[in-house]
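So the sequences go chain by chain: A and B.
Sequential numbering of the first sequence, starting at 1, is according to UniProt numbering.
Sequential numbering of the second sequence, starting at 1, is according to UniProt numbering.
Honestly, the hints are just simulated from the structure, not real lab data.
Keep in mind that a hint or two might mislead.
One copy or two, it doesn't matter: identical chains are merged, so the pair holds either way.
To be verified - With a cut-off of at most 30 Å between alpha-carbon atoms, the simulated BS3-like pairs for lysine-lysine come out as follows:
(1) Lys-227 x Lys-27
(2) Lys-242 x Lys-10
(3) Lys-227 x Lys-242
(4) Lys-175 x Lys-112
(5) Lys-175 x Lys-227
(6) Lys-227 x Lys-239
(7) Lys-104 x Lys-63
(8) Lys-112 x Lys-27
On a predicted model such as this, the values are computed, not experimentally measured, just so you know.
Number of protein chains: 2
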Amino acid sequence: EMQEEEQVRKITCCAPINIAIIKYWGKLCEVENLPLNSSFSITLNYHDLCTTTTVTTAPSYVKDQVYVNDLWQDINENPRLKVCFEEMRRLARKQAISENAAAKELMSCSKKIHVQSVNNFPTKAGLASSASGYAALTFALGQLLGVKGDLSGVARRGSGSACRSMCGGFVEWLKSEESKNSTAKQFVDETHWPELRVFILVVSSKQKSFGSTVGMQRSVETSALLKHRIENIVPHRIKVLKQAVLEKDFCLFAEICMKESNQLHAICMDTFPPLRYLNNVSEKIMNFVYSYNERCGSTRVAYTFDAGPNAFLFTLAPFAEDLANQIYQVFPPSKDCTDTFFKTTEEFSFPNGKIVPDVTDCGLIEYVICTKPGPGPQIV
Amino acid sequence: EMQEEEQVRKITCCAPINIAIIKYWGKLCEVENLPLNSSFSITLNYHDLCTTTTVTTAPSYVKDQVYVNDLWQDINENPRLKVCFEEMRRLARKQAISENAAAKELMSCSKKIHVQSVNNFPTKAGLASSASGYAALTFALGQLLGVKGDLSGVARRGSGSACRSMCGGFVEWLKSEESKNSTAKQFVDETHWPELRVFILVVSSKQKSFGSTVGMQRSVETSALLKHRIENIVPHRIKVLKQAVLEKDFCLFAEICMKESNQLHAICMDTFPPLRYLNNVSEKIMNFVYSYNERCGSTRVAYTFDAGPNAFLFTLAPFAEDLANQIYQVFPPSKDCTDTFFKTTEEFSFPNGKIVPDVTDCGLIEYVICTKPGPGPQIV
């Protein structure tokens, strides 16, 4: 009985999402998820948005099973899921062999695994659930199988941007023609710039955005500007961005951040037929950011958009409450959502209470999540 | 009395607008309107859209006077207007001197001129009235002063794209660092491709679009992609477009036409802060074009947009009536405009009569002008 109990193992981990400042757009290799350019991101606090994944082994298990938000996933029909299992087992075996492990331990690399994964945020809202999802899965399998070392290359095989969620804080994902070298590296950790705040504005949109994998592919095939961006613009921008982060130069950070977002969507427009990820509300948010900064006489907020209409706004702690109020004024919630509009652990006070201002456009934004940089995956 | 009569001279000319297929975006010199890249356009039939300009000299005139659509223009406050007068007089004097003209003729170069200019289309609708306006003025002054030779360089000084309206048919405007070499040349005349049809969809928009002069300037200063476009993409596209026009290859023409429009707006998005000339309706029109072609199983229609939300659609004569019907179905006029919706000299029959279809979005397009390539400026 004792032996039986020991053989049941269960580990729960959670992993954060990340938001790219220097954008990943274009693959060198579809299967390996090798990017055509390096990218740079900020990992967000997993208390606010994360995927929580539980992995279990038990003697009774006869095959691998994966459930995401209680929905069964067919591993054999999902090459990205499959490759994560295969890669993790390969690394476990390789490690066991190099450590001259006993036969029993080698055997354990092949034990069947059950996975339960849930997101604490809407999965289909375009909030990068594949990044946190594959980071959580990879990290959890690594814990279960006792695999040491950098696993970001495995997470990358599941979903490109997932590799960046394997590190906390400020992260660079390196481009390389070699799979083993295209990994994520922490630049500075999440405590480096404690004043930084992130507002995620979830834009109400029934329209499902065009998948980024297919979108990238079309850009690589048809955009006359993408190659130039990759070769001549991105390397310089990463260098300048790193300097801005190191020096906590918000003004420079904001400029690169917005220019990169704009250029991603310029490349999408230059794709044939063009890809349109931003909608009317996204444009209104961009205009709001420029006019807010202009009114303040300095750069206090920056936006970035990925392949969808939701906005990620950056600001600094002293300006966060005022920004929250301005968002509430300019993009008021629809009447039935005022209490759940701001999802935040910070204490913002709204001078006008919860009164919906006299604006005809209510409910353009569904809700706002207030967060900040956070650490990488954790055992919970 | 006879002498007095002879001294009153009056000439009326009209000049067409043109639509760029290869876009002009970026100036080498603001004052001279020298473009950073060559462009290629189609001059549209002046019967459908034109500026009509009457120039008069009389002994009683004591100063130059310009009226546009009955509004007085202060020449001294308008450097572009001023430069056209000065340049035309300079050319007239130069020609008179080289021809050893009599003193009387030399004097006539300095006679005061009155100008009356009217557009037969809405001036503020973003339909390039400055192109037809400066072409008409330059051409009319040339007729009045008897100036021979290519005047497109003078029209260019008034408004860059006006130089292309000095030629009929298919026109290239050459880039050059020398003012005298940056002129418009006819590639083939308006009879070359008689099947080509142009639909101008005037998008209802209260929003005044951001001026293209200031927009270009901002792109030149801030877009990281513009230089690459100018140096590496445009020259090749002009070459391929000329081939497509020569061979009347509509499919290739359409592809370059749409890609160029997309790239102009990509550059605008890459400008900091970004320039947004397309609106929701423009996007709907783009989607309409792609899905119409897809439904037809071949490329039957192409779009291009300048620095504004209005669409210019190209098609061929056999498909024009069906396209007109589809536009009527997908973008129905508001109820009070059904009779004036299509401005056309062609006879389109609408199988559904003038019944407004069951679509909630009526009046997104104010009206449609159907036209085709046409000749350059004319005396009327």
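Go through the numbered hints given earlier and state which of them the structure violates, listing their numbers in rising order. 2, 4, 8
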